[in-house]
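Protein chains in written order, with my numbering: chain A, 586 to 856; chain B, 586 to 856; chain C, 586 to 856.
Hints in this document: simulated from the structure, not taken from any laboratory.
Hints are supplied without guarantee of correctness; some may be wrong.
One copy or two, it doesn't matter: identical chains are merged, so the pair holds either way.
[Stated by the list, open to error] Using 35 Å as the maximum straight-line C-alpha spacing, the simulated DSBU-like pairs for lysine-lysine come out as follows:
#1 K799 - K671
#2 K748 - K648
#3 K801 - K671
#4 K679 - K748
#5 K801 - K673
#6 K801 - K766
#7 K741 - K766
#8 K621 - K711
#9 K711 - K671
#10 K762 - K671
#11 K801 - K846
#12 K711 - K648
#13 K679 - K621
#14 K679 - K846
#15 K673 - K621
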Amino acid sequence: LGEKRLKKRNPGIVTLITDFGDRGEYSGAVKGAILKVNPHCQVVDITHQIEPQNILQASFVLKHSYPYYPPGAIHLVVVDPGVGTKRKAVVVEKEGFLFVGPDNGVFSCLFSRGERISGNEITQVKFFLPLVSDTFHGRDIFAPVAGHLSLGLDPKRLGPSIKNLVFVDWPAPVMSKKRLKARILWADSFGNLMTNIPREPYGRIWEGRRIQIKGKGWCIHRIHRTYGQSGPGRPIALFGSGGLLEISVNQGNALNTLGLKPGDPVTIVWQ
Amino acid sequence: LGEKRLKKRNPGIVTLITDFGDRGEYSGAVKGAILKVNPHCQVVDITHQIEPQNILQASFVLKHSYPYYPPGAIHLVVVDPGVGTKRKAVVVEKEGFLFVGPDNGVFSCLFSRGERISGNEITQVKFFLPLVSDTFHGRDIFAPVAGHLSLGLDPKRLGPSIKNLVFVDWPAPVMSKKRLKARILWADSFGNLMTNIPREPYGRIWEGRRIQIKGKGWCIHRIHRTYGQSGPGRPIALFGSGGLLEISVNQGNALNTLGLKPGDPVTIVWQ
Amino acid sequence: LGEKRLKKRNPGIVTLITDFGDRGEYSGAVKGAILKVNPHCQVVDITHQIEPQNILQASFVLKHSYPYYPPGAIHLVVVDPGVGTKRKAVVVEKEGFLFVGPDNGVFSCLFSRGERISGNEITQVKFFLPLVSDTFHGRDIFAPVAGHLSLGLDPKRLGPSIKNLVFVDWPAPVMSKKRLKARILWADSFGNLMTNIPREPYGRIWEGRRIQIKGKGWCIHRIHRTYGQSGPGRPIALFGSGGLLEISVNQGNALNTLGLKPGDPVTIVWQ
Numbered sequence: 586l587g588e589k590r591l592k593k594r595n596p597g598i599v600t601l602i603t604d605f606g607d608r609g610e611y612s613g614a615v616k617g618a619i620l621k622v623n624p625h626c627q628v629v630d631i632t633h634q635i636e637p638q639n640i641l642q643a644s645f646v647l648k649h650s651y652p653y654y655p656p657g658a659i660h661l662v663v664v665d666p667g668v669g670t671k672r673k674a675v676v677v678e679k680e681g682f683l684f685v686g687p688d689n690g691v692f693s694c695l696f697s698r699g700e701r702i703s704g705n706e707i708t709q710v711k712f713f714l715p716l717v718s719d720t721f722h723g724r725d726i727f728a729p730v731a732g733h734l735s736l737g738l739d740p741k742r743l744g745p746s747i748k749n750l751v752f753v754d755w756p757a758p759v760m761s762k763k764r765l766k767a768r769i770l771w772a773d774s775f776g777n778l779m780t781n782i783p784r785e786p787y788g789r790i791w792e793g794r795r796i797q798i799k800g801k802g803w804c805i806h807r808i809h810r811t812y813g814q815s816g817p818g819r820p821i822a823l824f825g826s827g828g829l830l831e832i833s834v835n836q837g838n839a840l841n842t843l844g845l846k847p848g849d850p851v852t853i854v855w856q
Numbered sequence: 586l587g588e589k590r591l592k593k594r595n596p597g598i599v600t601l602i603t604d605f606g607d608r609g610e611y612s613g614a615v616k617g618a619i620l621k622v623n624p625h626c627q628v629v630d631i632t633h634q635i636e637p638q639n640i641l642q643a644s645f646v647l648k649h650s651y652p653y654y655p656p657g658a659i660h661l662v663v664v665d666p667g668v669g670t671k672r673k674a675v676v677v678e679k680e681g682f683l684f685v686g687p688d689n690g691v692f693s694c695l696f697s698r699g700e701r702i703s704g705n706e707i708t709q710v711k712f713f714l715p716l717v718s719d720t721f722h723g724r725d726i727f728a729p730v731a732g733h734l735s736l737g738l739d740p741k742r743l744g745p746s747i748k749n750l751v752f753v754d755w756p757a758p759v760m761s762k763k764r765l766k767a768r769i770l771w772a773d774s775f776g777n778l779m780t781n782i783p784r785e786p787y788g789r790i791w792e793g794r795r796i797q798i799k800g801k802g803w804c805i806h807r808i809h810r811t812y813g814q815s816g817p818g819r820p821i822a823l824f825g826s827g828g829l830l831e832i833s834v835n836q837g838n839a840l841n842t843l844g845l846k847p848g849d850p851v852t853i854v855w856q
Numbered sequence: 586l587g588e589k590r591l592k593k594r595n596p597g598i599v600t601l602i603t604d605f606g607d608r609g610e611y612s613g614a615v616k617g618a619i620l621k622v623n624p625h626c627q628v629v630d631i632t633h634q635i636e637p638q639n640i641l642q643a644s645f646v647l648k649h650s651y652p653y654y655p656p657g658a659i660h661l662v663v664v665d666p667g668v669g670t671k672r673k674a675v676v677v678e679k680e681g682f683l684f685v686g687p688d689n690g691v692f693s694c695l696f697s698r699g700e701r702i703s704g705n706e707i708t709q710v711k712f713f714l715p716l717v718s719d720t721f722h723g724r725d726i727f728a729p730v731a732g733h734l735s736l737g738l739d740p741k742r743l744g745p746s747i748k749n750l751v752f753v754d755w756p757a758p759v760m761s762k763k764r765l766k767a768r769i770l771w772a773d774s775f776g777n778l779m780t781n782i783p784r785e786p787y788g789r790i791w792e793g794r795r796i797q798i799k800g801k802g803w804c805i806h807r808i809h810r811t812y813g814q815s816g817p818g819r820p821i822a823l824f825g826s827g828g829l830l831e832i833s834v835n836q837g838n839a840l841n842t843l844g845l846k847p848g849d850p851v852t853i854v855w856q
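Using the sequences and the hints given, assemble the complete structure.
In structure tokens, the structure reads:
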């Protein structure tokens with residue numbers, strides 16, 4: 586994208602996905618460092634509650650929020666256990682959005698493994714804070730860079746172009762003949778348990794078939810469309826808004842009720 | 586309100602009250618879907634920490650925050666256990682504000698039971714996201730509608746007018762002769778315990794009288810004006826900023842100290 | 586600063602540091618009361634998760650976030666256990682920023698004890714909400730005042746000038762000959778444990794010397810530069826982005842792993 590074109594379409598929006606938590610000064614310092622470069626941009630918190638160092642969760646949250654923003658929005662992802670080591674800082678373009686963050690796999694859910702990407706390493710120190718710490722590149726590098734991008738800076742001016750990103754694989758479920766071994770990835774704020782089972786292709790495979798979704802001590806016999814379709818307190822399975830099969834309890838909390846936790850196995854068998 | 590008048594007075598502010606929690610992509614996707622329609626509006630988080638499915642708590646928080654905003658602000662409330670079932674989506678007007686959300690009682694604290702309201706059902710799909718999911722109308726319906734309203738859209742264009750809302754009753758305390766049976770509703774972040782006792786009429790009834798506010802193992806003998814009026818660590822009762830009688834511990838945490846939890850009974854006797 | 590000059594440089598940004606938590610209506614009401622005065626200012630959450638009534642923590646978070654904002658930003662700090670008592674409300678200027686809050690020590694980390702400051706008491710009720718409660722000056726006084734300041738109001742118009750602030754001392758570590766007795770202040774969201782040991786002068790004193798950093802059951806033998814420099818799960822000490830010595834576990838959680846909690850002692854000996 587040319588700088589002029591970027592400037593034109595740029596809505597001046599920078600979103601944040603981090604594992605900083607909502608306590609302390611980390612997210613506030615990052616927001617300041619963006620606004621210092623562009624006081625007129627709107628900084629939007631997506632979440633600061635990514636599990637510490639959970640790169641794949643950050644990537645998943647990004648995948649399911651970025652497309653809802655106006656084109657030209659800058660998405661900043663800072664889950665960065667390797668800060669201060671030799672991992673790269675990068676900016677990547679996709680569908681008219683710019684993505685800024687460490688090159689450690691946080692963008693894995695946006696691309697397929699080995700896919701050629703359009704991006705740049707971030708090496709031009711003139712766009713950083715004057716003093717760069719060893720432990721907080723979110724504030725010292727990524728934030729001011731995002732601020733400059735929100736003003737229309739051409740990403741090409743940030744550093745050499747790159748064609749690949751570090752990639753972290755999604756923990757795919759294992760299918761044998763009419764049996765799927767899956768697991769719980771994490772719980773949302775309602776206690777809904779996300780599995781690693783995407784709607785594609787499994788939703789199609791299971792359509793119209795008898796099915797059992799099983800964990801220790803519970804079994805669900807069908808896939809519903811929405812939460813209100815079972816009685817209150819009853820376990821239910823459905824493909825959620827993020828496209829993953831989730832185990833829920835209508836008007837309840839599956840995390841607490843079913844005694845399941847992230848990492849636990851879930852088995853699906855069908856006929 | 587005519588569309589022109591709305592446009593004129595519209596400060597381009599959309600507030601959010603949800604039970605999405607601060608983890609995950611839910612609130613970020615909603616904010617994106619608002620900003621995609623109106624990239625220049627300011628999206629303001631009131632809270633995403635309503636207890637899951639606690640419609641009355643959402644309504645209470647709304648009642649005690651909306652009037653502080655500039656007229657024309659759009660208040661979006663998404664506590665929506667019935668998403669994807671036949672509950673209506675609505676927009677309501679009051680005091681120059683617009684309120685958007687599911688018709689399940691989230692607006693109960695704004696009106697009296699049976700009060701005629703000025704509102705519209707939201708049925709016009711052209712204001713929704715192109716693809717509407719079964720589980721996330723916050724993102725797919727309410728957010729883009731709020732975005733359009735923040736641009737000055739006349740609510741009448743969203744669907745047929747309505748005159749009533751689903752109403753959820755406040756759990757009123759029970760008064761017998763000089764005795765009130767009440768209960769704890771919830772705790773705030775300081776551990777202050779909110780009762781279901783409104784200042785009106787009880788503050789007036791009790792003025793100048795000897796009073797006992799009692800739970801298991803504690804008794805308070807007067808109603809103070811502010812927190813600092815008792816010694817640190819001492820239990821205290823006062824009518825808080827939201828107009829409810831609350832049980833507090835000065836510089837302490839009543840929730841932890843008094844062993845009370847939401848739902849527990851509180852008795853008041855007076856002479 | 587003259588009113589004209591303030592107006593000119595003013596980026597219309599108000600930041601918030603409070604102990605309100607992210608539940609309930611408190612922060613939302615404050616944001617509304619700012620926006621009602623200046624619907625075009627950008628309200629930025631730094632944190633609402635200061636430990637209840639922890640004035641020094643609020644001050645520390647402020648110190649490590651405010652300088653990253655564009656000059657002219659208004660920083661509002663509401664940790665206010667003395668609300669409704671005779672503590673003053675104040676506005677202070679430093680480095681082109683304005684700081685608004687109760688005069689109870691929340692600005693201690695910005696100044697040295699006894700330092701002459703440039704500030705004003707806030708007494709002019711015409712800048713308050715029409716009705717001021719006894720328990721919520723964040724909403725009724727500080728917020729509308731911050732809104733007016735973001736429009737360029739000269740702080741001098743808020744009330745009489747003041748030259749001193751209430752000051753809360755930092756809990757300094759105790760040094761005897763080549764031995765420092767320190768303690769854990771708090772943990773960040775990663776479980777990194779902040780000590781009360783500033784980089785100055787200790788970083789310099791210890792440079793090139795053999796050192797032991799000790800608690801119950803663990804001992805660290807050097808100070809690293811960044812987190813990734815030890816093996817995963819290993820305890821590590823480093824001066825963090827806020828300038829304090831912190832005890833961390835690489836890709837882990839020191840709070841949970843080391844059994845340390847705020848208030849616990851840490852001893853450093855060197856040769």
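Taking the hints in turn, this is what the structure says about them:
1. K799 - K671: This pair counts as between: shortest inter-copy Cα distance 30 Å, intra-copy 44 Å.
2. K748 - K648: Answer is within: at 20 Å inside a copy they meet the 35 Å cutoff, but 40 Å across does not.
3. K801 - K671: Close across copies (34 Å), not inside one copy (43 Å); limit 35 Å.
4. K679 - K748: within (13 Å within a copy, 46 Å between copies)
5. K801 - K673: Answer is neither; intra-copy 43 Å and inter-copy 38 Å both fail.
6. K801 - K766: within (13 Å within a copy, 43 Å between copies)
7. K741 - K766: neither (44 Å within a copy, 51 Å between copies)
8. K621 - K711: both (15 Å within a copy, 32 Å between copies)
9. K711 - K671: within (19 Å within a copy, 49 Å between copies)
10. K762 - K671: neither (44 Å within a copy, 39 Å between copies)
11. K801 - K846: Answer is both; intra-copy 12 Å and inter-copy 32 Å each pass.
12. K711 - K648: both (30 Å within a copy, 25 Å between copies)
13. K679 - K621: both (26 Å within a copy, 17 Å between copies)
14. K679 - K846: within (34 Å within a copy, 44 Å between copies)
15. K673 - K621: both (24 Å within a copy, 31 Å between copies)
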